[in-house]
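Participant: Here's the letter readout for the chains.
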Amino acid sequence: MSEPRAAYSPLVRELFERLPHAGDLAPGPGTVVHGEVIALERGAWVRYEARIEDGRVADCAFRAWGCPHTLAAAALVASRMHGRRIDAEAAFDARRLATELDAPAEKLGRLLVVEDALSGMLARALALQST
Amino acid sequence: MPDGVPIYLDYAATAPLDPRVADLMSECLRDPALQGNPASTHAPGRTAAVRVESARGQVARLIGAQPETIVFTSGATESVNLAILGAARAAADGMRHVVTARTEHRAALDACRQLEREGFTVDWLKPGADGSVDPGRVAAALRPDTALVSLMHANNETGVINDIAAVGRICRERGLTFHVDAAQSAGKLPIDVEGTGAALLSFCAHKLGGPKGIGALYLRHRPRPALQPLQFGGGHERGLRAGTLATHQIVGFGLACELARLGLATEPARIRALRERLWTGLQAAAPVAQNGAAEPGLPGILNVRFPGVEGESLLFALEGSLAASSGSACSSATAEPSYVLRALGLSDLAAQASLRLSLGRDTTEEEVDRAARLLVVCVRRLRAALPVGAIEAIA
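Chains as they are written, first to last, in the working numbering: chain A, 1 to 131; chain B, 1 to 395.
None of these hints come from the bench; they were simulated from the model.
Remember, predicted model here, so these are calculated numbers, not experimental data.
Possibly wrong hints are sitting among the right ones.
What the hints assert, rightly or not - Here are some, though not all, of the chain B residues that point toward chain A, as calculated from beta-carbon distances under 7 Å:
1) E312
2) L386
3) A390
As the list claims (entries may be wrong) - From the derived model, a few chain B residues whose C-beta atoms are all more than 10 Å from chain A:
4) D31
5) S74
6) G119
7) D192
8) R381
9) A384
Ideal placement from N, C-alpha and C gives every residue a C-beta, glycine not left out.
Here chain A stands alone, though its shape is the one from the complex (with noise of 0.2 Å):
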């Protein structure tokens, strides 16, 4: 086998590409959350870092293990973080992220890794404003 598997819509193909957000976050102002889950039987392991301002995301950064639709589902959910209210309705759940990125169905799994690991950093977040 010279290629892989499974296909690539082109969306997946610009974000495996470059990996917007990968890493750490900047140094800045604001205190920093993160959400991580680790599923390697299920094939991914996802964190997300991101520093709050004033109850909005400043910054949002990840680090992830996975296939290429892991990856860019990562890097796309942490682009569309910036300037969120970290109370806005969840708009990153798996079910849509497979949808815009075109993944096949057994990819759904690894994408809610994805979904879990944003939801985990959020809470994180209102804990600490609510506090």
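With chain A held as given, fit chain B onto it using these hints.
Facilitator: Below, chain B without anything else, positioned relative to chain A:
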């Protein structure tokens, strides 16, 4: 992911057709004098038969055999099936035991599973950590009702070489039929089939620069092993493989064998040096490890793993730039971790982080250097995005 022709490092899956072979085959297809059926007794048939028999001699010489020991088939898969199913089914009453290894090619594994369905008992030997099958384990597995021992000469994923001469001696002493799958080694390593003790030996054309769709089964002359054919209709190939012989395929196979034989004096050393150069270049992507023992191994296969790197992402990152394999071509279709690497003790994740790079006739130093640089860049990029501790946890 740059455009252009990818660097081809997948010779273990198939070697590009040698242009000299392509020319000869084309000539053969067009030559009005070679349009007859080689089985016909008229002049065009006899002319074609002469070319077929000449090619049979070339194929036989590659493994140090006599022409009459060669049966043409459609490829190594058919040869392996004919050898395993044919020999087991032809064995004397009560001989219902077969010995093979877990790291064999799917052609052998699936043929042996078929024998299990037919009531045979199969012993599936586990290789050592180096990937080779200990001849002592083969000896220990033999039983009074053993009908057949089938082992590969060199593994298609790791390149690790089995000591088939030792296994052959054991089988010969006990009068057992020994089949060797030499699909990867024929034309890459010198083979003196008489010295291996093999009663049957399978190989094919497309791994050594010949066309796809043609292979051979060596059948020892004396003592000749009993063999049941798998297909019927015409008595071709001494009744062992019915079907009109494909003159152009056979002629191409013959030339590919001749060229491979002539290259045996220099090519293994050249390709081994390229493999070492590639391995050295990959050290910049450390941690990197080699799967299976490097020696004794096929000169052109390097099976490497990059701890922490997810296999599908690595292949995708290489798409369009490097043609390599995450396992054998046959098992890759299932996207399952390689059963060969798992048999060597690797976890699923470690197996998925592995890549088989296989070099051959047209591989150059420049390609090897470029491939190493490309791999290093891709591996570093994927690792740069990993969560802290992932390399250790996943390895």
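Participant: Please go over all the hints and tell whether each is borne out by the structure.
Facilitator: Hints, verified against the model:
A least Cβ separation of about 4 Å between E312 (chain B) and chain A falls short of the 7 Å threshold, and the interface hint therefore holds. Against a cut-off of 7 Å between C-beta atoms, the interface hint on L386 (chain B) holds, since the closest Cβ of chain A lies about 5 Å away. The closest approach between the C-beta of A390 (chain B) and any C-beta of chain A is roughly 5 Å, which is under the 7 Å cut-off, so the hint is satisfied. The beta carbon of D31 (chain B) is kept farther than 10 Å from every beta carbon of chain A, the shortest such distance being approximately 35 Å.
Under the 10 Å C-beta cut-off, the non-interface status given to S74 (chain B) relative to chain A holds; the minimum distance is some 22 Å. Chain A leaves G119 (chain B) outside its interface by the beta-carbon criterion, the shortest separation being 35 Å against a cut-off of 10 Å. For D192 (chain B), the requirement that its beta carbon stay farther than 10 Å from each beta carbon of chain A is met, with the minimum near 34 Å. A beta-carbon of chain A comes within 10 Å of the beta-carbon of R381 (chain B); the shortest separation is about 8 Å.
With a cut of 10 Å on Cβ distances, A384 (chain B) falls inside the contact zone with chain A, its closest approach being about 7 Å.
Hints 8 and 9 from the earlier list are contradicted by this structure; the remaining hints agree with it.
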